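Visitor: Residue-level listing of the chains:
Protein chains: 8
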Amino acid sequence: MSLHRVITDDHRFSRTGFAEAIYSPGKRPEEIAAIGHRLDQARSAAGEDLDWPILATRVAHDDLPAIKAAWKKLSPNGALAWDADASMLELAVPGARRPIGISAVVSAGTTDREPAAEAACVLSTYGSDVARLDDVGVAGIHRLLDPTRLETLRAARVVIVVAGMEGALPSVVAGLVSAPVIAVPSPVGYGVSAGGHAALHAMLASCAPGLAVVYIGNGFGAAALAVKILRGLR
Amino acid sequence: MSLHRVITDDHRFSRTGFAEAIYSPGKRPEEIAAIGHRLDQARSAAGEDLDWPILATRVAHDDLPAIKAAWKKLSPNGALAWDADASMLELAVPGARRPIGISAVVSAGTTDREPAAEAACVLSTYGSDVARLDDVGVAGIHRLLDPTRLETLRAARVVIVVAGMEGALPSVVAGLVSAPVIAVPSPVGYGVSAGGHAALHAMLASCAPGLAVVYIGNGFGAAALAVKILRGLR
Amino acid sequence: MSLHRVITDDHRFSRTGFAEAIYSPGKRPEEIAAIGHRLDQARSAAGEDLDWPILATRVAHDDLPAIKAAWKKLSPNGALAWDADASMLELAVPGARRPIGISAVVSAGTTDREPAAEAACVLSTYGSDVARLDDVGVAGIHRLLDPTRLETLRAARVVIVVAGMEGALPSVVAGLVSAPVIAVPSPVGYGVSAGGHAALHAMLASCAPGLAVVYIGNGFGAAALAVKILRGLR
Amino acid sequence: MSLHRVITDDHRFSRTGFAEAIYSPGKRPEEIAAIGHRLDQARSAAGEDLDWPILATRVAHDDLPAIKAAWKKLSPNGALAWDADASMLELAVPGARRPIGISAVVSAGTTDREPAAEAACVLSTYGSDVARLDDVGVAGIHRLLDPTRLETLRAARVVIVVAGMEGALPSVVAGLVSAPVIAVPSPVGYGVSAGGHAALHAMLASCAPGLAVVYIGNGFGAAALAVKILRGLR
Amino acid sequence: MSLHRVITDDHRFSRTGFAEAIYSPGKRPEEIAAIGHRLDQARSAAGEDLDWPILATRVAHDDLPAIKAAWKKLSPNGALAWDADASMLELAVPGARRPIGISAVVSAGTTDREPAAEAACVLSTYGSDVARLDDVGVAGIHRLLDPTRLETLRAARVVIVVAGMEGALPSVVAGLVSAPVIAVPSPVGYGVSAGGHAALHAMLASCAPGLAVVYIGNGFGAAALAVKILRGLR
Amino acid sequence: MSLHRVITDDHRFSRTGFAEAIYSPGKRPEEIAAIGHRLDQARSAAGEDLDWPILATRVAHDDLPAIKAAWKKLSPNGALAWDADASMLELAVPGARRPIGISAVVSAGTTDREPAAEAACVLSTYGSDVARLDDVGVAGIHRLLDPTRLETLRAARVVIVVAGMEGALPSVVAGLVSAPVIAVPSPVGYGVSAGGHAALHAMLASCAPGLAVVYIGNGFGAAALAVKILRGLR
Amino acid sequence: MSLHRVITDDHRFSRTGFAEAIYSPGKRPEEIAAIGHRLDQARSAAGEDLDWPILATRVAHDDLPAIKAAWKKLSPNGALAWDADASMLELAVPGARRPIGISAVVSAGTTDREPAAEAACVLSTYGSDVARLDDVGVAGIHRLLDPTRLETLRAARVVIVVAGMEGALPSVVAGLVSAPVIAVPSPVGYGVSAGGHAALHAMLASCAPGLAVVYIGNGFGAAALAVKILRGLR
Amino acid sequence: MSLHRVITDDHRFSRTGFAEAIYSPGKRPEEIAAIGHRLDQARSAAGEDLDWPILATRVAHDDLPAIKAAWKKLSPNGALAWDADASMLELAVPGARRPIGISAVVSAGTTDREPAAEAACVLSTYGSDVARLDDVGVAGIHRLLDPTRLETLRAARVVIVVAGMEGALPSVVAGLVSAPVIAVPSPVGYGVSAGGHAALHAMLASCAPGLAVVYIGNGFGAAALAVKILRGLR
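Protein chains in written order, with our numbering: chain W, 5 to 238; chain Z, 5 to 238; chain U, 5 to 238; chain R, 5 to 238; chain D, 5 to 238; chain P, 5 to 238; chain E, 5 to 238; chain H, 5 to 238.
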């Protein structure tokens, strides 16, 4: 197959407050490095290098060495950072970031950790200080209501809640905090919860007013909205 | 249309522990009274009159006078009892009942009250002492966790939980008590929760092990199972 | 039917930043007035009367006189405000409000106006200055790209976009502004777009990162999130 | 990937009457052994070791040797029991169990045996004496109505019925016994019955009052409810 | 609206063994009479008047007088026969019919009677001797297994089984007889069984080989197939 | 896994007119041979060996040698017949068969051949003389209307039509012949027709009265019904 | 409710070759007349009055007198034309039209006539000479294959086919002509065909290459595409 | 498996304006070559060799050498052309083609390229001059509205638009051009857009009148319709 020329949307950050990222599945290591390099040049040209990260999402762990090698050739001095839980690679990591406020990422169980990690990684690379609360699902509600955990939760200025199975956690959280809450249905699971549709519909049907939902597994999208909210706060 | 001869299943109580009831929609007042009369005779013949109630479910309020009149003719001394919240009519009410243990019926919000009332009414006519906990939905979780309410809940030997919208309440309750919990999705609501499918799927996907589900709005069926469980306890 | 005692969640505003509202369908005029009166008392007790409005949503126009009469008895001096497009009634209107920032409500066509009006009314009663852009659907994209309209849109600190049919407008808007965008699928329409599911799925599948979605027709919920975002900005 | 610290819910048994189990898919052999060891310590601390088993469910047969090796290191004297039909491993098997009453597990055909085995194994490890009736599907109804089988069925104090295809068997069984009946749709099959949705919906629509349903293939959940019911009987 | 000229398929009986019928909904009384008259003429021309009935299906009871009046004008000597349970009207009833063999129509409960009546009426007008077995649903399986009923069932050369709710009856019947069995899902009901989809899918998933299914409520279609089968037997 | 004892339904043929077959997926070669041997003994005991074949369906081609070897041991003189297109194996083939009448199996395109072959093979082993008409899909309707083909079609006493994609062929065929027509939706295909649901729904919605449908890909079930119809004709 | 100012898209015809029409449901008679008047002025300004009609679609018959009266006031000399079968009203009918080529509108049965009439009416007002072929459904395929009808069909330069039930007719037609074929699923019907989804999916799955589909009942949209195709031919 | 004789529809081009193509999946290399050879002979016999190409679609790249070898034997002088992006092979390429007008194929993003390539390849082999516009999705609407791109788009006489995710692009394009627009939902993607159903429904619900849709991923079918439209223009 011939190599397609990918047209990057270089001005997306200045236009929308959230920069173009590289969705890795289906792209070869050299393509990922090349698009990253081009975004790095666009960012430098715009003089905004502290504010937006250059991210490759859902990177296959096996592709890492090849991407690093290709990146080295294109940008010998550009730092790389790999987040294994989020399967996310940051290219051309800046020396410092401008902070954009505290956020929290809450998850119900083991199967929710991947979208949670993805959301936390994006928030962190955009300059947010991220608090993580894991394994606080509603079948043992005392875990969430622990005073220390509640205090952490209430300190955040935006909250992302990832849950699979019956998807009840975001409704409970939204009844406890005043920050905006973004719900992410978790795709991983078994039985009826596999695929995440039960959780998606439960979240859309939430009895807690003002809960907004992104699609199943879309920790990246939830974080994009959270970043926009946090940046508006400055 | 000619009058169909309805074949009642007179021995269902002795066979299954739960008697045949009269589903009223589509039946005329005289038919309801006539079937009730026939069941009354079958019950007397079996000598079990304390143990099983003769119930007409989902009775239209406007049909009450006509049913009462028809019943009066067939059974001049047979007492009647009407539960307006449950739209349920008990025919040939016995003077006393054999008690079968404490149950609890929990509901999340206003729209869940009809199935909750139906379940409570059935349990009560079968001899259970029923505790009601209403308006304890998960968006204000402190209401359920109130110590007095928790104590009431934990005293029950079987618990029915009715919830619409995101259907999260049964999962939370099942994480708090050791009694069997039966979940009833609520059919009434608006938006995505209208129809009760989001709640049904959330309940089937519950993270709380051992939660059994009946179909949307089926407070009657949930109570039937609860009665069988309570009767087994004796 | 006996009159149910409704348990209001009086501290929801201080806990979650968005107060309990009265969902009117299924409630009688006197009930609406009575719940409103109780919320008014709770608000006074909390000393927050400028910050949260007391709203009855989806009020039937025919019920207005009876609600007003009942309200007059309970609160002789309490002002009322009726928004016919939003079918929303504000009870105990305060003399002044604390402003919470500029928002925009965008809609694609005639059938999207009801959720748009509901969202705008909520935002306005919570103190936001709301800009409306109607009839800017994607089949005539020049209408949205008009420079005056774009400037208005970009001045908003949060944007709600209502669309039915193919639900494409939120994706286009989210590609044009840096404020957070909340998408509301419109329930009214004909053919495949009737019911709003095509729009809902299109919005969940949007190519614009960070678009969060509320359920079909839920202008109220979208505004609740927008209020929380704007209040965080202060 | 870094090793996640799994937070076990050590007090679930005392709170809910059914202990936390280890869902094995996605966990490594050493993790399964480690979680089991932790639960064993929690059980010992609670002094309840006869009453709740430590179970690893859906264990891959190929992982057995590695789990056993890891377990040996952590708990040199802890007995293990493997149920190949149920793919379930019991860790730290106690020397004796307190019996909790007779149960029956009924299945329709060959493809229903896996959920049936899972349910029977859980019931058995919790102390129930389990009667199995297999291959009694409704297309040859005489098999179920055989007097010896009927007598066995009626001796049980709780009945679990697993069926795939048209899912009719639970309705027939519930018309024959007075014990509570829990229905499990079978996921294995071919054609329209593959996936188990036809059976799930048939069971939810059952003409037999009081039939409660768990999700497709969830023999574990059905047994959890059965255990709670049986424990309530004591 | 102008009067559309309806093109009848006059030779359908000789071509396919089952004649065109008049589906009444949406047609005016005079149209029904006129189409019937035209079919009567076609039948006479073909010299087949004993073999195929002229049927108007799903006739509104209120339209009967007007249809009779219109028919009287067109065909002063043509006899009419009305089946109230089936809502079916036969026009130009012949003096005698050629018999085509015994059939049975079995139904599970009260809500299945309309499709059962429709099927029985069609079979009867085509010359079959129809045995009816009603109220033999699977929750009381002893009713179907009654020796007299079984003998009746086994005398039929084709069997139609109508069932709603879980749709299990056809599978049980098909395991008891050697005649071809045609299953009709019942549309009437409540809860999950309303609409008949659970029954339809259960029937398509039947464990009994050789069960063919027609669409929900289509008693007419089931009878059409049964007639073709019976006519092939002669 | 331990070897399950499979309970065969040995008297199904005398009871229902269609014998038990061996569904091969999930069974080991030796199990297939053993069940076949048991059925052979049952058939001999019943003295019906000409009338019912012993069939193993959906046999993996790779398992053939092992099945043959196992069979040889159990039944040194029993003949075997393999139909590669139908993936069906007949065990203990009788020397002669009693004929049961002519049938036709019609298919629309290449992807419909597997269910068509399965249906034809079953019909043939039960003694029917089967006419095949392939590649006569409706996009080239002249192929079906060819006079020779029409004559063949009209000679059959029962017709099975297999079609995928839009599933239109059975409706056209049912408008051309007087024999009963059984429709089989084809599972193989691409795009919207993959899976066969479009064809299934089209067949259930057919404008041709009396078309009965079996589930997607169920050529075996269609043939079972056809056999019952043909056997009734004798 | 206040009167909304509707923003018409006056230049749609010059931009897209098909003018804005007035979708009447939800609009008051005076609004329909006022929008029509505004479009008339826009058309005059553009000097294109022969080429694009001003259409109000899905007009309620009862609203006709009021629309006519309102129109009379706004445009005393503007002619009106009413098509009762299509429920369509043309406003400001021009004296002459420029012809755009022959089209055909084919329908399967009685229930398909409304979308067929809508499509034919639009085509006709845009200047196409429309041939109608009704009642040519596939259960009597000889009707479509009649030589005179085939000749008419093949004379058309674009063909619209409306069908409900199994939706097979467009596939058959597309196999007979070389003109582009546009398929319209019919929404009216009963049983599985009610709603038109079976027909929609059958059409999308058609075995005839190049069949394009519009949504259920959308005769207007099919005609819009046909007009664009015909106008391209000039 | 025995080799099936495939019946080609040799006269489809003269009858329908679009020739039979070879759908490759499931066919062996020699079968593809053999069918191609037969079509080549049919085309030669018809004397139309410039007008219709002989196409094998969805060819596996790995099968290419074997197909070429088989073709060489059958047709030593017949040229072959391979389009890797479209996975399409043209057999017996003619020396020259008769041009049929300009078309445009528009796509939204990377994942839409396969159907776009398939459509473009078919159009090109039938003689159309095809303009490609890629990566012009609605989240960066300025890319489509670029004056050079708009001019290219408006020069086309038929436009195919491929889009996944929210499927909004065809609606926007149809509001910009007067040529007929055919929409193709893209099957490739992730999250809710995976599978293409969100895009399919969005396209069927489009607010742009006259947008016709083919099934998900069916670039071939879209091109078939486009070819028929372009050929009608000559």
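Among the clues, some could well be false.
Simulated restraints on C-beta separations [unchecked claim]:
(1) U/Asp150 x E/Ala83: 32 to 40 angstroms
(2) P/Leu149 x E/Thr156: 14 to 22 angstroms
(3) P/Leu149 x E/Ala83: 17 to 25 angstroms
(4) R/Lys72 x W/Ala88: 42 to 50 angstroms
(5) P/Ala70 x R/Pro80: 27 to 35 angstroms
(6) P/Leu154 x E/Thr152: 21 to 29 angstroms
(7) P/Ala70 x H/Pro29: 27 to 35 angstroms
(8) Z/Gly30 x R/Pro151: 32 to 40 angstroms
(9) H/Ala159 x U/Asp150: 23 to 31 angstroms
(10) R/Ala85 x W/Lys76: 25 to 33 angstroms
(11) Z/Gly82 x U/Asn81: 51 to 59 angstroms
(12) D/Arg136 x R/Thr156: 30 to 38 angstroms
It is worth saying that the hints were derived from the structure and are not from the lab. Source: prediction; values computed, not measured. All C-beta atoms, glycine included, are put in the ideal place defined by N, C-alpha and C.
Visitor: So does P/Ala70 sit 27 to 35 angstroms from R/Pro80, Cβ to Cβ?
Guide: Once the Cβ atoms are compared, 44 angstroms apart, the range 27 to 35 angstroms for R/Pro80 and P/Ala70 is violated.
Visitor: Return holds or violated for the Cβ distance of Z/Gly30 and R/Pro151 against the range 32 to 40 angstroms.
Guide: The hint (32 to 40 angstroms, Cβ to Cβ) holds, given that Z/Gly30 and R/Pro151 are roughly 38 angstroms apart.
Visitor: Evaluate the given range 14 to 22 angstroms for the C-beta pair formed by P/Leu149 and E/Thr156.
Guide: Because 20 angstroms falls inside the window, the suggested range holds.
Visitor: Assuming the hint says 21 to 29 angstroms, is it satisfied by the Cβ distance from P/Leu154 to E/Thr152 or not?
Guide: Since P/Leu154 and E/Thr152 have Cβ atoms about 22 angstroms apart, the given range 21 to 29 angstroms holds.
Visitor: Please test the hint of 25 to 33 angstroms on the beta carbon pair from R/Ala85 and W/Lys76.
Guide: violated (54 angstroms)
Visitor: Quick one: are P/Ala70 and H/Pro29 within 27 to 35 angstroms, going by C-beta?
Guide: holds (30 angstroms)
Visitor: Between H/Ala159 and U/Asp150, does the beta-carbon spacing fit 23 to 31 angstroms?
Guide: Since the Cβ atoms of H/Ala159 and U/Asp150 sit about 26 angstroms apart, the hinted range of 23 to 31 angstroms holds.
Visitor: Return holds or violated for the Cβ distance of D/Arg136 and R/Thr156 against the range 30 to 38 angstroms.
Guide: With Cβ atoms ~36 angstroms apart, the hint holds.
Visitor: Note whether the CB distance of U/Asp150 and E/Ala83 lies within 32 to 40 angstroms or breaks it.
Guide: For U/Asp150 and E/Ala83 the Cβ distance comes to about 36 angstroms; the hint holds.
Visitor: I want to verify a distance hint. Is the separation of the beta carbons of P/Leu149 and E/Ala83 within 17 to 25 angstroms?
Guide: violated (48 angstroms)
Visitor: Should the hint that Z/Gly82 and U/Asn81 are 51 to 59 angstroms apart at their CB atoms be regarded as holding?
Guide: holds (56 angstroms)
Visitor: When you take the CB atoms of R/Lys72 and W/Ala88, is the distance between them in 42 to 50 angstroms?
Guide: violated (29 angstroms)
The structure fails hints 3, 4, 5, 10 (numbered hints given earlier, in ascending order).
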